[in-house]
Amino acid sequence: MISKQHSDSGLIIATGLLLSACTVGPDYVRPDAQKPAAYKEAEGWKVAAPQDAIARGKWWEMYGDFELNALMAQVQIANLNVAQAEAAYRQARAVAQAARAAYFPTLSIGASVTRSAQSKNLGRALPSQIGTVTDYLLPLDLTWELDLWGRVRRNVESQRAAAQASAADYENIQLSAQAELAQDYFLLRALDTQKQLLEASVAAFNKSLQLTKNRYAGGVASRADVAQAETQLHTTQAQAIDVTVQRAQLEHAIAILIGKAPAEFSLPPATLAALPPPVPPGVPSALLERRPDIAAAERRIAAANAQIGVAIAAYYPTVTLGASFGFESADAAKWLEWPSHFWSIGPSISQTVFDAGLRRAQTAQARAAYDQNVAFYRQTVLTGFREVEDNIAALRILENEAQVQADAVKAAEESVSLTTNQYKAGVVSYLNVVVAQTAALNNEVTAVSIQNRRLAASVLLIKALGGGWDASMLPDDNALARTDDSRAPPAQATDSKPK
Numbered sequence: 000m001i002s003k004q005h006s007d008s009g010l011i012i013a014t015g016l017l018l019s020a021c022t023v024g025p026d027y028v029r030p031d032a033q034k035p036a037a038y039k040e041a042e043g044w045k046v047a048a049p050q051d052a053i054a055r056g057k058w059w060e061m062y063g064d065f066e067l068n069a070l071m072a073q074v075q076i077a078n079l080n081v082a083q084a085e086a087a088y089r090q091a092r093a094v095a096q097a098a099r100a101a102y103f104p105t106l107s108i109g110a111s112v113t114r115s116a117q118s119k120n121l122g123r124a125l126p127s128q129i130g131t132v133t134d135y136l137l138p139l140d141l142t143w144e145l146d147l148w149g150r151v152r153r154n155v156e157s158q159r160a161a162a163q164a165s166a167a168d169y170e171n172i173q174l175s176a177q178a179e180l181a182q183d184y185f186l187l188r189a190l191d192t193q194k195q196l197l198e199a200s201v202a203a204f205n206k207s208l209q210l211t212k213n214r215y216a217g218g219v220a221s222r223a224d225v226a227q228a229e230t231q232l233h234t235t236q237a238q239a240i241d242v243t244v245q246r247a248q249l250e251h252a253i254a255i256l257i258g259k260a261p262a263e264f265s266l267p268p269a270t271l272a273a274l275p276p277p278v279p280p281g282v283p284s285a286l287l288e289r290r291p292d293i294a295a296a297e298r299r300i301a302a303a304n305a306q307i308g309v310a311i312a313a314y315y316p317t318v319t320l321g322a323s324f325g326f327e328s329a330d331a332a333k334w335l336e337w338p339s340h341f342w343s344i345g346p347s348i349s350q351t352v353f354d355a356g357l358r359r360a361q362t363a364q365a366r367a368a369y370d371q372n373v374a375f376y377r378q379t380v381l382t383g384f385r386e387v388e389d390n391i392a393a394l395r396i397l398e399n400e401a402q403v404q405a406d407a408v409k410a411a412e413e414s415v416s417l418t419t420n421q422y423k424a425g426v427v428s429y430l431n432v433v434v435a436q437t438a439a440l441n442n443e444v445t446a447v448s449i450q451n452r453r454l455a456a457s458v459l460l461i462k463a464l465g466g467g468w469d470a471s472m473l474p475d476d477n478a479l480a481r482t483d484d485s486r487a488p489p490a491q492a493t494d495s496k497p498k
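Position 468 (the sequence shown) corresponds to 467 in numbering that gives the first Met the number 0; numbering is contiguous.
One thing to keep in mind: the hints can contain errors.
Stated by the list, open to error - Between beta-carbon pairs, the in silico distance windows are: (1) 475 / 315: 28 to 34 angstroms; (2) 360 / 99: 23 to 29 angstroms; (3) 213 / 270: 32 to 38 angstroms; (4) 57 / 405: 27 to 33 angstroms; (5) 132 / 324: 19 to 25 angstroms; (6) 270 / 222: 35 to 41 angstroms; (7) 389 / 36: 16 to 22 angstroms; (8) 352 / 117: 35 to 41 angstroms; (9) 57 / 324: 56 to 62 angstroms.
Because the hints were derived from the structure by calculation, they are not lab data.
Cβ atoms here follow ideal geometry from the backbone N, Cα and C, with glycine treated the same way.
Work the whole structure out from these sequences, hints included.
Below you can see the structure in the form of structure tokens.
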């Protein structure tokens with residue numbers, strides 16, 4: 000009866016302590032960040048065909064390039080930077096799960112057999128106790144730190160936010176790899192188009208050289224005309240060869256992005272046919288929820304804020320509930336008999352009274368880490384707005400430049416036709432033809448370059464806007480509680496829509 004009363008009183012004490020528990024430290028409030036009312040560079044710029052949002056996840060399909068789509072499918076599977084980020088997320092998720100384990104008691108069981116003998120000169124042992132003794136012990140021990148001040152809760156809160164930040168890092172690294180692949184791919188196709196233009200020019204210049212040689216043989220043209228034609232031909236041939244250097248390097252870069260050795264990958268030449276799709280920038284305030292790097296920075300503020308509570312909780316006593324039950328006997332035959340059982344239960348409390356300023360320093364460190372993360376978050380937000388403005392401006396200006404450049408290409412082509420006819424009629428020298436042909440080629444190459452720059456700016460704008468990602472896709476408590484090691488994207492755990 001007495002043991003039952005002791006047990007009941009211990010449970011009543013533990014229950015009372017739990018009910019009176021509190022959580023120390025500041026509750027998290029998302030810090031403010033500068034948000035403009037509208038994008039400055041978007042003023043007066045209208046997309047050709049506005050749409051509600053960027054295609055969720057598979058934004059590259061907006062370009063309508065099947066080769067690009069196939070390459071993008073391999074980034075998430077084989078890109079090693081993405082694999083590192085995914086493993087880092089699983090690691091952070093496991094840390095969060097380990098933090099949650101502190102909510103529960105620790106139960107351990109063990110068995111031991113000890114044979115010992117007391118000293119005859121100890122003085123405290125009875126003569127009957129002197130000699131060799133065997134102790135058979137089978138204990139079951141339970142320890143439970145009562146989270147009276149919220150240390151465990153704050154640590155769980157911190158690790159949960161850190162895991163969400165890691166999930167956002169994963170999405171950001173994947174988005175960066177996809178954007179880099181798209182830029183490299185479009186630049187490679189632009190080089191293919193330039194090489195095609197150069198090779199076509201080489202064929203045309205070779206015909207011009209033959210025409211000049213014939214005219215020279217007929218005494219109509221001078222030797223200088225032939226030399227100019229030869230110079231123009233060989234210079235263009237050299238330019239065509241030089242393009243292949245950068246193309247090879249881009250091909251190697253794409254191979255690395257999809258997790259392959261350069262020797263195992265090649266892309267057949269093709270012209271640049273894609274055009275920049277309409278990319279509505281939306282309102283600036285939405286950017287805070289659409290960029291994974293901003294979400295990661297914000298979650299790290301929450302993690303740092305919770306660590307302040309962990310540091311403050313160290314100022315308060317630690318209360319632990321302990322309980323033991325088991326069997327102990329000096330006779331193996333009676334070891335597991337009921338009379339051999341023992342038990343104990345009761346709370347313990349401990350308080351650090353002197354630590355030479357350790358807790359004060361740890362609290363100051365936690366507050367400084369919070370301030371650092373707030374500043375980093377605000378800087379990340381400003382950087383995000385700058386990137387959006389940069390690429391809106393680039394798209395708007397390059398669109399106008401492309402229209403003007405298209406007119407320049409038409410005028411240059413007409414100039415070549417007229418000058419060539421004048422040369423054949425003997426009105427102008429071959430130098431005029433060379434100048435006109437060179438200008439036409441340069442204008443065509445420039446037009447291709449502008450098209451590539453427009454595509455690159457559209458890719459960067461999509462990346463700056465988050466690539467269709469949203470902060471609601473961060474993993475919740477159920478997703479963080481998963482124990483599988485699959486490489487499923489963490490965002491899919493809380494978002495049923497296709498990415």
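Cross-check of the supplied hints:
| no. | hint | in the structure |
| --- | --- | --- |
| 1 | 475 / 315: 28 to 34 angstroms | 30 angstroms, holds |
| 2 | 360 / 99: 23 to 29 angstroms | 28 angstroms, holds |
| 3 | 213 / 270: 32 to 38 angstroms | 33 angstroms, holds |
| 4 | 57 / 405: 27 to 33 angstroms | 31 angstroms, holds |
| 5 | 132 / 324: 19 to 25 angstroms | 23 angstroms, holds |
| 6 | 270 / 222: 35 to 41 angstroms | 38 angstroms, holds |
| 7 | 389 / 36: 16 to 22 angstroms | 19 angstroms, holds |
| 8 | 352 / 117: 35 to 41 angstroms | 37 angstroms, holds |
| 9 | 57 / 324: 56 to 62 angstroms | 59 angstroms, holds |
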